[in-house]
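Asks: Starting from the known structure of chain A, arrange chain B on it as the hints suggest.
What follows is the residue order along each chain.
There are 2 protein chains.
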Amino acid sequence: MSALLYDRVALIGLGLIASSMAHAMRWKGLAREITGHARSPETRATALEIGLCDRVFATAAEAVEGADLVVLCVPVGVMGAIAAEIGPHLAPGATVTDVGSVKQAVIDAVAPHIPAGVHFVPGHPLAGTEHSGPRAGFATLFQNRWWLLTPLPGSDPAATARLRALCEAMGANVDEMDAPHHDLVLAVTSHTPHLIAYTMVGVADHLRRVTESEIVKYSAAGFRDFTRIAASDPTMWRDVFLTNKDATLDILGRFTEELFMLQRAIRMGDGQQLFDYFTRTRAIRRGIIEAGQDTAAPDFGRGAPPSGTHE
Amino acid sequence: MSALLYDRVALIGLGLIASSMAHAMRWKGLAREITGHARSPETRATALEIGLCDRVFATAAEAVEGADLVVLCVPVGVMGAIAAEIGPHLAPGATVTDVGSVKQAVIDAVAPHIPAGVHFVPGHPLAGTEHSGPRAGFATLFQNRWWLLTPLPGSDPAATARLRALCEAMGANVDEMDAPHHDLVLAVTSHTPHLIAYTMVGVADHLRRVTESEIVKYSAAGFRDFTRIAASDPTMWRDVFLTNKDATLDILGRFTEELFMLQRAIRMGDGQQLFDYFTRTRAIRRGIIEAGQDTAAPDFGRGAPPSGTHE
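Same order as they appear, the protein sequences are chains A and B.
Each residue of the first sequence is one higher than the last, beginning at 1 in the numbering used here.
Each residue of the second sequence is one higher than the last, beginning at 1 in the numbering used here.
The list makes no distinction among identical chains, and a pair is therefore deemed to hold if it is satisfied within one copy or across any two copies.
No farther apart than 20 Å at their CA atoms in a straight line, the calculated lysine to aspartate or glutamate pairs in the EDC-like style are these:
| hint | residue 1 | residue 2 |
| --- | --- | --- |
| 1 | K28 | D54 |
| 2 | K245 | D270 |
| 3 | K217 | D178 |
| 4 | K28 | D7 |
| 5 | K245 | D276 |
| 6 | K217 | D205 |
| 7 | K217 | E168 |
| 8 | K217 | D175 |
| 9 | K217 | E176 |
| 10 | K28 | E168 |
| 11 | K245 | D178 |
| 12 | K28 | D68 |
| 13 | K245 | D108 |
These aren't lab readings, by the way, just hints derived from the structure by calculation.
So that you can see chain A by itself, here it is in the shape it has in the complex (with noise of 0.2 Å):
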């Protein structure tokens, strides 16, 4: 049912995005050849042995070369130092997508390097696991996962349909919206969320050195969900803050802003605010498994006993 959609596919960063990309794209016979960069020699090295790449490079501009799309899985904070390398390589006619977490930052960093004839309709999947790296990915990461493409007021339509086509045999939703709106919704969605989580198990660890092991051992659900977001790759999201850096801030605040009103009720003894309060958000709990975003199975329907809700 799937059919060859790009000749030469260069993947630019070889982590776990562009190695599910990889498995993805084999799988369903979606790419001629593909071919890789990576910094470092052990994960081209990984990259050959493991059959994700035809050909790998060490250098960026090489591996673009004779490519119809090409794919940024590299750090957000270094998209355009990459994009600056490759601009004078890139074939006439080709498609640059990347797949950031952040997409305002990410444009202004590359767009200005892509030149004439080349089409940029950057990307992001919402897929992922906590693990990193060349052999973390899998086939199927992207199965039932949303696939948001931000295209440029100038981007040709032709170029995003071809795109969307290949994130689609991947398995993926694909939605398009403009960037400003992208980063917004995704703050908090995903990256506020994340903040908070690392801010927890900052605390946590505060306290393990006064109760010695005891905070780690009795983590059940509610803190153990938090230190699986906790252990994402540090450098993806140091990136994901400093250039999504206004729309985070403002959600923070509005969060503080909550919080604080939370933490007044219960110093006050306020107890019909805070029954109020999380009556409304079993709301939007029901809302996310009506959009089919998750199962209403008892703890995500993991097949393991159950982690707590009742700690």
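Replies: For chain B alone, coordinates are given in the frame of chain A:
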């Protein structure tokens, strides 16, 4: 391998924990008879219909008659009223325990009503799901979960040992500690994370009105984990915060200090501070895996396609 541990167990309150205890005790043959009380006639009818209890009663006082183990499975806020009601009806030599998420407040409310010759051994199983009610329980809920007991200075060691054997026979690991220490540990591993989850979901709810359904639609790992937490029972959580007030406010204070530090780092563009902080939190995650409270498999080893921490 298990054996009868109690003759008659009275479950006061028939929600997720009580119904899971009923299933587990029957599965392992730990109690000859299980009686129960719930305020609602529907819940009592359900308990008989699905075999949770051999007999149900409209009052807690009737349910505890002749029981050698009484388990208080009601919200923390009503433990005192229930204890006052059942106190005069408790059998000499019986053990009373509870499953509340806060321990010192339960002790303060319940202990004065326990007559001489009856053993009060407070407890807290660190297990649960986001579902509630008599149909939510299942026999394996406590498997490989911690069950914390907080015996009082004057508690009878034999009564504590027998209750510990029951918890272990239901699959739990048991530890003993004093109540104030329990409340501090849980404030950081569970109570404060829950409050934060509620808050983040509340913030999203405000924004959802602005961006319609997008927030829900594009939510994945980070935010999704928050919503599961925030779907827990509002009454239970209201009581947790009202009754573990001091420890929760202490941890919240530390949390907002840390968060403001990271927020400032974002505002000042201090990437090194963010990177160092995020790197440190990774170690905690490893500690949790090593403590056997979680799996190292991507996304908790769920069968479904993993959700993103990449967003």
